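Please work from the sequences and hints to get the whole structure.
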Amino acid sequence: MKKKIVVIGNGMVGHYYVDKLLQSDLELDITVIGAEPRPAYDRVHLSEFFSGKKPEDLALTSRDYYIENGVNAFFGDPVTDINTEKKSITTNGGMSFEYDQLVFATGSYAFIPPIPGNDLPNCMAYRTIDDLGEIKASAKESKVGVVVGGGLLGLECANALMNLGLETHVVEFAPGLMNAQLDEDGSRMLRKKIEALGVRVHTSKSTKQISKGDECRLKMTFAEGDVLETDMIVYSAGIRPYDQLAKSAGLTVGERGGIVIDYHCRASNKDIFAIGECALWAGRTLGLVAPGYRMADIAVSQLTGEAQSFKGADMSTKLKLLGVDVGSIGDSLGNTEGSLRYVYSDACNYIYKSLVVNEDGNKLLGAALVGDCAEYDSLLQYYLNGIDLPEHPDDLILPQRDGSAPVGLGVDALPDTAQICSCNNVSKADLVAAVDSGSHTLGELKSCTKAGTTCGGCSVMVGQILNSELEKRGVEVNTDVCEHFPYTRQDLYMIVRSEQIRNFSDLVSRHGTGLGCDVCKPLVASILASCWNEYILKDEHAPLLDTNDHFLANMQKNGTYSIVPRVPGGEITPDKLIVIGEVAKKYNLYTKITGGQRIDLFGARIDQLPPIWEELVNAGFESGHAYAKSLRTVKSCVGSTWCRFGVQDSVKMAIDLENRYKGLRAPHKFKMAVSGCTRECAEAQSKDVGIIATEKGWNLYVCGNGGMKPRHADLFASDLDDETLIRYIDRFYMFYIRTGDKLQRTSTWMDNLEGGLKYLQEVIINDRLGICGELEKEMALIVNTFHCEWKSTVDDPEKMKRFRHFINSDKKDNKVVFVQERDQIRPASKDEQLEYAETA
Amino acid sequence: MNAINKSLDTTLWHEVCQMDDLIDDVGVCVLVDDVQIALFRVSGNDEIYAINNFDPFSNANVLSRGICGDLKGQVVIASPIYKQHFNLKTGQCLEDETVILPTYSVRIVDASVQLANN
Ligand code: SRM
Ligand SMILES: Cc1cc2nc3c(=O)[nH]c(=O)nc-3n(C[C@H](O)[C@H](O)[C@H](O)COP(=O)(O)OP(=O)(O)OC[C@H]3O[C@@H](n4cnc5c(N)ncnc54)[C@H](O)[C@@H]3O)c2cc1C
Ligand code: SF4
Ligand code: FES
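Protein chains in written order, with my numbering: chain G, 43 to 882; chain Z, 4 to 121.
A few of these clues could be false.
[To be verified] Derived pair list, reagent style EDC-like, types lysine to aspartate or glutamate, alpha-carbon separation capped at 20 angstroms:
hint, chain 1, residue 1, chain 2, residue 2
1, G, Lys250, G, Glu271
2, G, Lys853, Z, Asp24
3, G, Lys853, Z, Asp37
4, G, Lys843, Z, Asp27
5, G, Lys819, G, Asp764
6, G, Lys62, G, Glu271
7, G, Lys843, Z, Asp24
8, G, Lys580, Z, Asp24
9, G, Lys853, Z, Asp36
10, Z, Lys86, G, Glu576
11, G, Lys854, Z, Asp27
12, G, Lys853, Z, Asp27
13, G, Lys843, Z, Asp99
14, G, Lys514, G, Asp472
15, Z, Lys75, G, Asp522
16, G, Lys711, G, Glu582
17, G, Lys854, Z, Asp36
18, G, Lys254, G, Glu237
19, G, Lys841, Z, Asp23
20, G, Lys45, G, Glu69
21, G, Lys580, Z, Asp27
22, G, Lys841, Z, Asp27
23, G, Lys360, G, Asp419
24, Z, Lys75, G, Glu525
25, G, Lys514, G, Asp548
26, G, Lys841, Z, Asp24
27, G, Lys580, Z, Asp23
If you're looking for bench data, these hints aren't it; they were derived computationally from the structure. A quick note: this is a predicted structure, and the numbers were derived from the prediction, not measured.
Dropping the structure here:
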């Protein structure tokens, strides 16, 4: 008989545990029971629910996944009873299951301070998707919001309320913010900084009563008798383990809560385990996901027979709260006996850093960082790996005024055992092994090891290890574009810009060798176009172009071309449709609606392109750039003008955007879409830049991709007005053009960008590199110099002469043969061509 | 691949176009006795090259519309369809040694461009 495993709770850790069991070779009968109505989701990123993520986006698994893997899973029905004699459990709904081994993964709940009135309407917790749904709904009707609790989670919650547009207050019982991590000075600095951002902070406040308000919905009365009116209250005053059930089953629980476990994660009954936040290990509950995952690993190892033991967990954290970097490592408060402390404090810029070192001053015991977390990664490695500190440890946190590199720890100094990604337990050795077995890009390394895929905090270091390892192996990371230029695409772009180079021959004579080739020539043509936007068929540029660009049309398999007029936003008048139809008929072209909401006409011989385009240009059509590494289409949905759900005019926005970015040359083609509401009929989240209308404006998504390796776009910014939206997109594209590699779509560009989405937001929204002004100027030049290439060509008889198959004969190419199919032409197959050649 | 086996009359020079019909580094196609020939004037070395226009990998007459340049010291043309490279002097394909395209001798007589079999 298969061993029966019953898991109570389907949160992050419970799901991880089940997944690990499924990955093992064990033959088990697994039952999972979750109290929440949905399968496990990513609680760590819960707050992103406010920036537009939906429950589906946060999901870590699905009912189908469990069904496919033979797991019995039930949701929305808590376990209410355990019979340890009969080894069975019963749920609230009356279901009963027997177990051979029972696993508690019940996590914790938000602690609601026992204040009279704490359960009035609009008083909420901050823990589950349902909680956030309530908060969102309540916030819609609110002007003022209070967060009770000034710890990590409380500040995360305050950030959310600020973003929801509320006047936000934080009420903390203790004298300072983040008391568990920061000493008094650090905490004061954090307070100043977030007050400067508009959050009102009230410390040393104990609430005596919550009642109906006079001006707002609610009123909080404090011990001193003063009051604060608010429309809503969110409790974030700590968490308590779900251990009632365990207690009633006779398991030992700690004085202040938590199911007591041993080194093997076993509770006081040998058939019962507890993992995750509900467990009490060595007198502590551990409120982070990484230690929960380790406990799950340990519990699984008891079944597979390779029993390991839990050795505790690192509780260091780094976060960005309200746009302020905060980090804490180890004993950040200096509680260790004999410990010494270094402090750096800069009140002008709200920066505070402190180091706690041992008595001998050679090992790091802890650190606290506020306002600037640049040194976090290095310090964490000193701490985790017991690495000897430099002679002057304070050098590690002092600013480098002379421009020299900071004293941080190079990745080479780390031992192989150094844990780089704590979320996924990936060591330096694991990363090195993955590099050895062929992961040579950041994207590959991440997907192979999972490092950097949970909180993302370790990405920078993962990138540094990759580069250093590649270098050591002499894997020449040859990023040269080709044998003619010892530079990357990015280098060439900067050279062209800074030296104002305007043609290929200048560039190759100054910085390259030889004649060039089919790799560097189109690449340089694209860079020149991105920078100066000259007519691409100018004699000095024409030889650089791929045939598609050269003839402003895509070459098809038989040497003929396709014609794709631009149809901005997919909106087209009947008259224009008729023109397309007439042209197609006249030249006997195959017509098809493309996947990009426009019409493609296929099978034009090269000599037919000019007359066809002449007719199209005269009817008001422009080039659709289907042949270029540039903007393809901006798909739209019908939007608020017609659709009963639409909240903005998505068609107008799509047309405006298409007209703005048409013809812009980039490292690869790029696509956009605009949807009129969250139903997302334009599929914006699969585009390089996608825009979804909201009640208040537009949500901007970036770096999506369909094609070979689909990638959902990341939400970049929310509720933007038209002007800000366009400003961000201008900057985004110009930054991509600057830093993208050759033929790199925005999705792979993002996957390889050190620092990822956060970094990109810093650059584009907060202008961290101080280049936004330049980027906007560069885009303005392109927008202002737009000209339709087909119009310029049709107007120039010299250029039109190039569109001939033979320069010395009017004969046609005998390889171009069509046959009829479904009432239209198509290229003849090889056999059909031969047949034709014989009968001709 | 019958198209590429056709050859020009060996004894004759054929006038195909004038010098100013050519643009530096941009190919053109000429028709001589039903044979399609791609012509390139390469600016870097001021030579004119002639190679059969037929791309055997895509079965289409398109080489005149490729990009020319050099790779490891050989002057080459890249097919616009699947990007194989052919040595413009010898016709040798760089990616597949079994494929060699016909090439032709070129001479200029008073600004007129003439071709003959090698
Ligand atoms: C015509 C069209 C198919 C159709 O009949 O619907 C098409 C046709 C071609 N696609 Fe596409 N793609 C077409 C929509 C798409 C879409 C859908 C969309 O845009 O909404 C996608 C997936 C979305 C995306 O790109 O993220 C798509 C993903 C690709 C890819 C894969 C890109 C990737 O990142 O993985 C390629 C190959 C490449 O670009 O390297 C490609 C390349 C091509 C080329 C250019 C291949 C070639 O080099 O000959 C095809 C020739 C087009 C021509 O001759 O005009 N096409 N292609 C569509 C033209 C849309 C338009 O109006 O411009
Ligand atoms: C807003 C927020 C931000 C966070 N940020 C971070 C972060 O940046 N980094 C980090 O490491 N951690 C973070 N955490 C903490 C992290 O989410 C938790 O450590 C992790 O979710 C714990 O996993 P768990 O499975 O133990 O508990 P949970 O994820 O809470 O899952 C327990 C599940 O068990 C269910 N359950 C309880 N009792 C029963 C019962 N009797 N029967 C059936 N089911 C039951 C619960 O309803 C719940 O669904 C954050 C938490 C929140 C709320
Ligand atoms: S995305 Fe929304 S507005 Fe647009 S068509 Fe679909 S439902 Fe209508
Ligand atoms: S440390 Fe969180 S993803 Fe690596």
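Hint by hint, here is what the structure shows:
no. : hint                : verdict
1   : G:Lys250 - G:Glu271 : holds (14 angstroms)
2   : G:Lys853 - Z:Asp24  : holds (18 angstroms)
3   : G:Lys853 - Z:Asp37  : holds (10 angstroms)
4   : G:Lys843 - Z:Asp27  : holds (15 angstroms)
5   : G:Lys819 - G:Asp764 : holds (18 angstroms)
6   : G:Lys62 - G:Glu271  : violated (49 angstroms)
7   : G:Lys843 - Z:Asp24  : holds (10 angstroms)
8   : G:Lys580 - Z:Asp24  : holds (16 angstroms)
9   : G:Lys853 - Z:Asp36  : holds (12 angstroms)
10  : Z:Lys86 - G:Glu576  : violated (26 angstroms)
11  : G:Lys854 - Z:Asp27  : violated (25 angstroms)
12  : G:Lys853 - Z:Asp27  : violated (25 angstroms)
13  : G:Lys843 - Z:Asp99  : violated (35 angstroms)
14  : G:Lys514 - G:Asp472 : holds (16 angstroms)
15  : Z:Lys75 - G:Asp522  : holds (15 angstroms)
16  : G:Lys711 - G:Glu582 : violated (23 angstroms)
17  : G:Lys854 - Z:Asp36  : holds (14 angstroms)
18  : G:Lys254 - G:Glu237 : violated (27 angstroms)
19  : G:Lys841 - Z:Asp23  : holds (14 angstroms)
20  : G:Lys45 - G:Glu69   : holds (7 angstroms)
21  : G:Lys580 - Z:Asp27  : holds (12 angstroms)
22  : G:Lys841 - Z:Asp27  : holds (14 angstroms)
23  : G:Lys360 - G:Asp419 : holds (9 angstroms)
24  : Z:Lys75 - G:Glu525  : holds (8 angstroms)
25  : G:Lys514 - G:Asp548 : violated (36 angstroms)
26  : G:Lys841 - Z:Asp24  : holds (12 angstroms)
27  : G:Lys580 - Z:Asp23  : holds (16 angstroms)
Checked against the numbered hints given earlier, the structure breaks hints 6, 10, 11, 12, 13, 16, 18 and 25 and satisfies all the rest.
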